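Engineer: Take a look at the letters that make up each chain.
Number of protein chains: 4
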Amino acid sequence: MQLGMIGLGRMGANIVRRIVRDGHSAVGHERHQGHIDELAAELGDSFRGSTDLKEFVGMLDAPRVVWVMIPAGATGAAIDELADLLEPGDTIIDGGNSRYHEDIKRSKALAPKGIHYLDVGTSGGVFGLERGFCLMIGGEDEQVRRLEPLFKSIAPGVDAAPRTPGRTGEPTPSEQGWLHCGPAGAGHFVKMVHNGIEYGAMSAYAEGLNILKHADMGADHGGEHSAEETPLERPEYYQYKLDIPEITEVWRRGSVVASWLLDLTAGALFADPNLDSFSGRVSDSGEGRWTIDAAIDTAVPVPVLSAALFQRFSSRGEAEYADKMLSAMRKAFGGHIELPK
Amino acid sequence: MQLGMIGLGRMGANIVRRIVRDGHSAVGHERHQGHIDELAAELGDSFRGSTDLKEFVGMLDAPRVVWVMIPAGATGAAIDELADLLEPGDTIIDGGNSRYHEDIKRSKALAPKGIHYLDVGTSGGVFGLERGFCLMIGGEDEQVRRLEPLFKSIAPGVDAAPRTPGRTGEPTPSEQGWLHCGPAGAGHFVKMVHNGIEYGAMSAYAEGLNILKHADMGADHGGEHSAEETPLERPEYYQYKLDIPEITEVWRRGSVVASWLLDLTAGALFADPNLDSFSGRVSDSGEGRWTIDAAIDTAVPVPVLSAALFQRFSSRGEAEYADKMLSAMRKAFGGHIELPK
Amino acid sequence: MQLGMIGLGRMGANIVRRIVRDGHSAVGHERHQGHIDELAAELGDSFRGSTDLKEFVGMLDAPRVVWVMIPAGATGAAIDELADLLEPGDTIIDGGNSRYHEDIKRSKALAPKGIHYLDVGTSGGVFGLERGFCLMIGGEDEQVRRLEPLFKSIAPGVDAAPRTPGRTGEPTPSEQGWLHCGPAGAGHFVKMVHNGIEYGAMSAYAEGLNILKHADMGADHGGEHSAEETPLERPEYYQYKLDIPEITEVWRRGSVVASWLLDLTAGALFADPNLDSFSGRVSDSGEGRWTIDAAIDTAVPVPVLSAALFQRFSSRGEAEYADKMLSAMRKAFGGHIELPK
Amino acid sequence: MQLGMIGLGRMGANIVRRIVRDGHSAVGHERHQGHIDELAAELGDSFRGSTDLKEFVGMLDAPRVVWVMIPAGATGAAIDELADLLEPGDTIIDGGNSRYHEDIKRSKALAPKGIHYLDVGTSGGVFGLERGFCLMIGGEDEQVRRLEPLFKSIAPGVDAAPRTPGRTGEPTPSEQGWLHCGPAGAGHFVKMVHNGIEYGAMSAYAEGLNILKHADMGADHGGEHSAEETPLERPEYYQYKLDIPEITEVWRRGSVVASWLLDLTAGALFADPNLDSFSGRVSDSGEGRWTIDAAIDTAVPVPVLSAALFQRFSSRGEAEYADKMLSAMRKAFGGHIELPK
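Protein chains in written order, with numbering that gives the first Met the number 0: chain A, 0 to 340; chain Z, 0 to 340; chain F, 0 to 340; chain B, 0 to 340.
Check each hint, because a few of them may be wrong.
Put simply, identical chains are the same to the list, so a pair is met inside one copy or across any two.
With a straight-line Cα cutoff of 27 Å, these simulated BS3-like cross-link-like pairs (lysine-lysine) come out [said to hold, decoys possible]:
no.: 1; residue 1: K240; residue 2: K107
no.: 2; residue 1: K240; residue 2: K151
no.: 3; residue 1: K112; residue 2: K53
no.: 4; residue 1: K240; residue 2: K104
Just so you know, these hints were derived from the structure itself, not from any lab.
Only a predicted model underlies this, so the values are computations on that prediction, with no experimental measurement involved.
Modelling step: build the complete structure from the supplied sequences, incorporating the hints.
Structural biologist: Next up, the structure:
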């Protein structure tokens, strides 16, 4: 099959590479001619591209399939512009991190023009080229079926993990790493929750490792606390200088918390054992927030996922006013004077 | 009655003042002769004191009542020293912030010597002199009954709040502001949970006011966010420059969140509207931690109280390593570069 | 002044009573003639009313002031219907619990018709008649100034609480219990956060009291735990049978956690000491959710307020599927068998 | 080498199997002769055992190595009894889930007798036989070195996971799945935090999947809510009937949340798609609690890990009194009547 790709950043380019490897061809669109040329040099005849959107559309065979893989903020405008150039029967795929609300609106808006729309939540990050991308897909059955060959090439394939006990015979799409989750928006909905879980799991590791980091507190700080701070009651229990890079490594094999995130964490700690290259200002990029929003809409308690999100806000100093307020109250009722920060 | 007071800091001195006002007398012990002299000058014949513990004990009429009102860290040693000088029938009161575990141990240790022991959780802070102190008492019935006249003088009295509907006749001790909660440790247990609640309620206000503080985000920051941070989706909803000192003031009358803490908060904000005199490094002094400990021991879910405690830890930078870990993971799987802090 | 009131439920009727007491007059609109007649019998010449909206509008003197005090779900339609009957210069007040987004939309929609709009977040509940209502107001300066006499009558007045130290001279509106918070929506925004804080403070008390409730665990349950549940490590520390109604009473005077919520809690526990009349299914009515929403929009960490909201969801069984999932995982990796529920 | 094993339950027996497979021999002790006979029949000459502790000790070659693998509650007594039968130079290993405090005490108590002590936190659960056990070890260097051949056989080995980028040459112990973490208690400390992380990660998945479960709320429940519960504001966004077993399967390959826990979750959902065999009463077995304890001692904020623990408490009904209190307050200030549970 042929795939049109708008956006040849890391994710877009790697998706193109994976399908070309599998015998498909691709046409790319990007602002920078250089990116297009580089990819063409690498992939040969299977890839062409244009910085001009109209020309790009012209290079595609009808019924066209155009995958949009650009930052969420720019996706809406790009799809609008693209839709004006497409014809009935063509399909637009939003593979970025749009909010699923947008998918519902867009698919409705495109329907009268006869343009199909799929939302494909795409996980895999910088490792997608080798590891394959996990695809969570929303939209019409017929379109998903039509594009199955592409999804198969982009997804990791069944060999990427041992089969779940009890699953036999021809591997299902889910076992290959791609899934038609439901109608428009279902793909991004599932991807959104995936990222919400990711935030929670990341914080679980980060908090636990922070406890390990403090395990020498009895050795370092015993007795140094001021009257305003609680002294360590049992310093004899906090005398461990733990080697956190080695601990994350040992957990990778045989333990209950083994995971791909842990693999990456062990790698990051091996490369930078004290994390000196980081300051700890943690961004968040939408899905974590929307996950909590969806939970609140549907009255689902998410204390863990929300705590993870709020920790990111706090890491960026957003609790400062609240903290000052606490200090102001403590001074007001107890005369407590703040220690210098 | 006569009360011996060890520790003439703000709390100890104000307790002495309240009982002397009510016709009792007091004997004080303190390291600094100056503090004793000042209080004696203020209170006249009803107060004497000594910097020498033995002399102090000698000034008391048997059966002696000695209230220890010093920092929790020093209380144990002071009680040991005191116990050696007392006689069977005397009573020691720990009015500080000891962990209730200590009360159970101490009352057992003192019993063979015939020395009685009461733990009196004392709330009221710097306002206790005028407002009265709320007393939560643990220990033997007989001793509590014996010292009732003192507790009555120290506590606020029934007029400090409207009577609870349905409560009529002679006000109970609880309505006067003091309560015999149970055997040894019960007073400090109840005081401990009181402080745990205090942490939670303080954070409830602080978090809410922080939202009010950010209500102008659409006016100030709309569009300025980097690609790594989620932009404000609906800036039109965050255009309010709210006057937080005035808002805390208006809530003091008629609203559901009216409270003494709110009174203090409104006062603090009136005096320092932007809280410029605070940096937001919030101490914690034991009871909040022990409250969570007790909850965990007894399997009581305390998501709110624990979140309040952890926020204090975070305000002191204790999440830093965890935050760096999150940034390291984000870089590892997504290539995300940290924004400068 | 004259006030039109749509909705003569508890809140609406009590607002009418308070203004009539102060010499104003009122016109009411309600579906039930009976409610109108009762209020008319009580208030005499100062109150009239009609079950017919058009007739009701006809009873009002221009420029009319109509306060809408009905459930949030019905407010939008009622205001639309009302607006068709009003004239330029008239003012509509939404005193209910609308989301502030609606205020921004409505005030814009009404402006071309020359109809003014105020949103008035109203706190006070069933006690508003005697205690006064705390009013948080959004809208145009001029309208707020015009209606000041009504706000003064509805609000508690400065005597409802001691003045904040440093505040002298003529009491400000905030000291009287009403405040012009900002433009359209600002009143409901502040009321929303007020309720968010209310949720957090309520949970702080509830969690703390639950710890007190479990303080006898060592006496009751020591040793009865199964191998699958952690036994109580130190039963000697959990031997207290605490009298929770008395404890809430004692905290009302002199303690740091004294508050109106605590007054009510002590009253509820005096009337029903074991809370036998409750099952613990806790509703939530919108503002708590919107508060978290606003926090997430503006990146404000609210771990305490969100934990309080999620606890309400959990109380209604909404965590059940997640809990089953945890049990399924525990069985999968550890062979742990669930204890019967 | 030869290993003595006290406790031939699933974990103990599988450890014995793994070392025997690698050419070591084992001696077992158990209450039930049947278990010993079964294992002897399976393992042939390499395994013997006795129900009599003294006889068991007699079967071991000095210097003896005895691994104790029984429930945490029984470990202390078993070690005391064992220590009386051992000789200087022998080594006791606690491979169970003891609190690390105990290790520090025990190693000190055994030192004067010349008996060595190692604590070995052991993760792997029911899959340990095939997957290998992850071993976190505390104690003296020399003893750890001496027993390295056994640890190697029990641990998964380096092939159990791809090597971390940058790690080359002879695999370290951590890469083989075992690690000497530090002095006495360090092994159980690291295992404790491992389990704390496990709780957090489990809840992250469980909460996220619960959101997926509720994604059809707009289809099912739209409009059915009572006045006391917030209606679903945007039912059009919650129309998805998601296939959660398939979604957990698709995430296993290529996604950021791929993990061993997810593998197990997908397996559990494939076997029981609606989790009908579970009621959702989730036990906790000590380590999760101790993790929070350690965090509080060292002032480490752990909002995610604690929320996960508290959710387990709530799943067992432990929030009930707090929930009733919330309902009582709501009735008191707002007249809100509880909906039936």
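Engineer: For the identical chains here, do K240 and K151 meet the 27 Å Cα criterion within one copy, between copies, both, or neither?
Structural biologist: between (48 Å within a copy, 24 Å between copies)
Engineer: Cα distance capped at 27 Å. Does K240 pair with K107 within a copy, between copies, both, or neither?
Structural biologist: between (59 Å within a copy, 19 Å between copies)
Engineer: Between the shortest in-copy and the shortest cross-copy C-alpha distance, which are at most 27 Å for K112 and K53: within, between, both, or neither?
Structural biologist: within (18 Å within a copy, 47 Å between copies)
Engineer: With identical chains treated as interchangeable, where does the CA-CA distance between K240 and K104 reach 27 Å or less: within a copy, between copies, both, or neither?
Structural biologist: Answer is between; shortest inter-copy Cα gap is 19 Å, intra-copy 55 Å.
Hint check: no violations occur; every hint is consistent with the structure.
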